[in-house]
Amino acid sequence: RLVCSFHVGIRGKDIVVLGVEKKSVAKLQEERTVRKICALDEHVCMAFAGLTADARIVINRARVECQSHRLTVEDPVTVEYITRYIATLKQRYTQSNGRRPFGISALIVGFDYDGTPRLYQTDPSGTYHAWKANAIGRSAKTVREFLEKNYTDEAIAGDNEAIKLAIKALLEVVQSGGKNIELAVIRRNQPLKILESKEIETLVAEIEKEKEEEAEKKKQKKST
Amino acid sequence: MEYLIGIQGPDFVLVAADNVAASSIIQMKHDYDKMFKLSEKILLLCVGEAGDTVQFAEYIQKNVQLYKMRNGYELSPAAAANFTRKNLADYLRSRTPYHVNLLLAGYDDTDGPGLFYMDYLSSLAKAPFAAHGYGRFILNLPSFTVRLIDKEGIHDLEKLTLGAK
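If you read the protein sequences in the order shown, they are chains A and B. Each residue of the first sequence is one higher than the last, beginning at 1 in UniProt numbering. Each residue of the second sequence is one higher than the last, beginning at 1 in UniProt numbering.
By construction, these hints were calculated from the structure, which means they are not laboratory data. Some hints could be false.
Derived DSSO-like pairs: lysine-lysine, alpha-carbon spacing no greater than 30 angstroms straight-line [claimed, not checked]:
id	chain 1	residue 1	chain 2	residue 2
1	A	K27	B	K151
2	B	K151	B	K68
3	A	K193	B	K37
4	A	K164	A	K209
5	B	K62	A	K219
6	A	K193	B	K29
7	B	K68	B	K29
8	A	K198	B	K68
9	A	K149	A	K222
10	A	K222	A	K179
11	A	K179	B	K29
12	A	K36	B	K29
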């Protein structure tokens, strides 16, 4: 099944955020079986866009590699290392005979063991790049432009601000608001946390309020 | 001589291991930790052939962690014990068997505390109390690491120092 949804990743100072558009499922379908944000290790996680079945394979290989790395060098992987591993895996499948490339783009976030936050993006060709903030999936270009304007030092000054920036980016694309947003955060030295829909609703309400206040201020400025 | 002991209580498991790393008559370390944390509520105590102990225990440790990453929840102590035993058994009749004696202690949220005895021949027994080693020589071992596992997790207790001071 193709996952044509939209994903955004934000690298803050002490937090990394992954936001994903949750597609509404069929009435009889169990919602929780559709998981697009996966932990690779306690300090790294990834979101993918593309063929879910292909993603399962890549994620499994990455999880094994994370533990294998810990076993051989007694250190957790750096985000760059595991990204490079996934990218190398993808590239191999573009150059071997009889195999087709993995149909997924991935956003990989986490903290290195020295505390630096990282965000990387890979695509089916096997290339990877580091980003401060990025979006993949449908309407990614529009959101990237939004992020280019709104990713400032102020915007990521605190954990909550970074999360709100991710939600704002998602709201540009997602029609029905908080209910169709899935958000995961990793804070330094803490495991992956997937936000509950209540927390997301509260933050969405805050953002709406801030927007209204901004609009009010502008109106007042114009009238004076 | 290395020593391990485990005691299962009504809602906890208490384990202790000596802290000596020795080669024949030379005691190289007096602060060696023989307990491996497999998960938030499971400890693997491991003694035996030098090298085999750490190699085997760390291999099991990483595989238990991999299970957690793949499935989103941790292996139960019983499952981890059986997994460990199976690995030991598979290697037993190979060219490279692991000569290790183990105690696996854990707390299962549904079944409660559990203590599992395993030896280098890959036997497995769930027991209320168990030990490896020759207890008579405790007096020659300067200190023991003591830990407790209950529903909250693994707790470090005060090191036991026995023998002449």
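Each hint, compared with the structure:
Between K27(A) and K151(B), the direct Cα distance comes to roughly 38 angstroms. Violation of the 30 angstroms bound is thereby established for this hinted pair. A hinted pair counts as satisfied when its Cα atoms are at most 30 angstroms apart, and K151(B) with K68(B) qualifies at roughly 18 angstroms. Taking the CA atoms of K193(A) and K37(B), the gap is about 23 angstroms. The hint holds against a cut of 30 angstroms. A threshold of 30 angstroms between alpha carbons decides the hint, and for K164(A) with K209(A) the separation of about 12 angstroms falls inside it, so the pair holds.
For a cut-off of 30 angstroms, the pair hint linking K62(B) to K219(A) is broken: about 60 angstroms separates their Cα positions. In summary, the hint linking K193(A) to K29(B) is not supported, as the alpha carbons are separated by about 40 angstroms, beyond the 30 angstroms threshold. Restraint check: the Cα-Cα separation between K68(B) and K29(B) comes to about 33 angstroms, which exceeds 30 angstroms; the hinted pair is violated. Proximity of K198(A) to K68(B) is assessed by CA-CA distance (about 26 angstroms); at most 30 angstroms being required, the pair is judged to hold.
Restraint check for K149(A) and K222(A): the C-alpha separation of about 23 angstroms stays at or below 30 angstroms, so the hint holds. Simply put, K222(A) and K179(A) have alpha-carbon atoms about 35 angstroms apart, too far for the 30 angstroms limit, and the pair is violated. Distance hint between K179(A) and K29(B) is unfulfilled; the C-alpha atoms sit about 58 angstroms from each other, more than 30 angstroms. Under the criterion of a C-alpha separation no larger than 30 angstroms, the hint pairing K36(A) with K29(B) is inconsistent with the structure, at around 48 angstroms.
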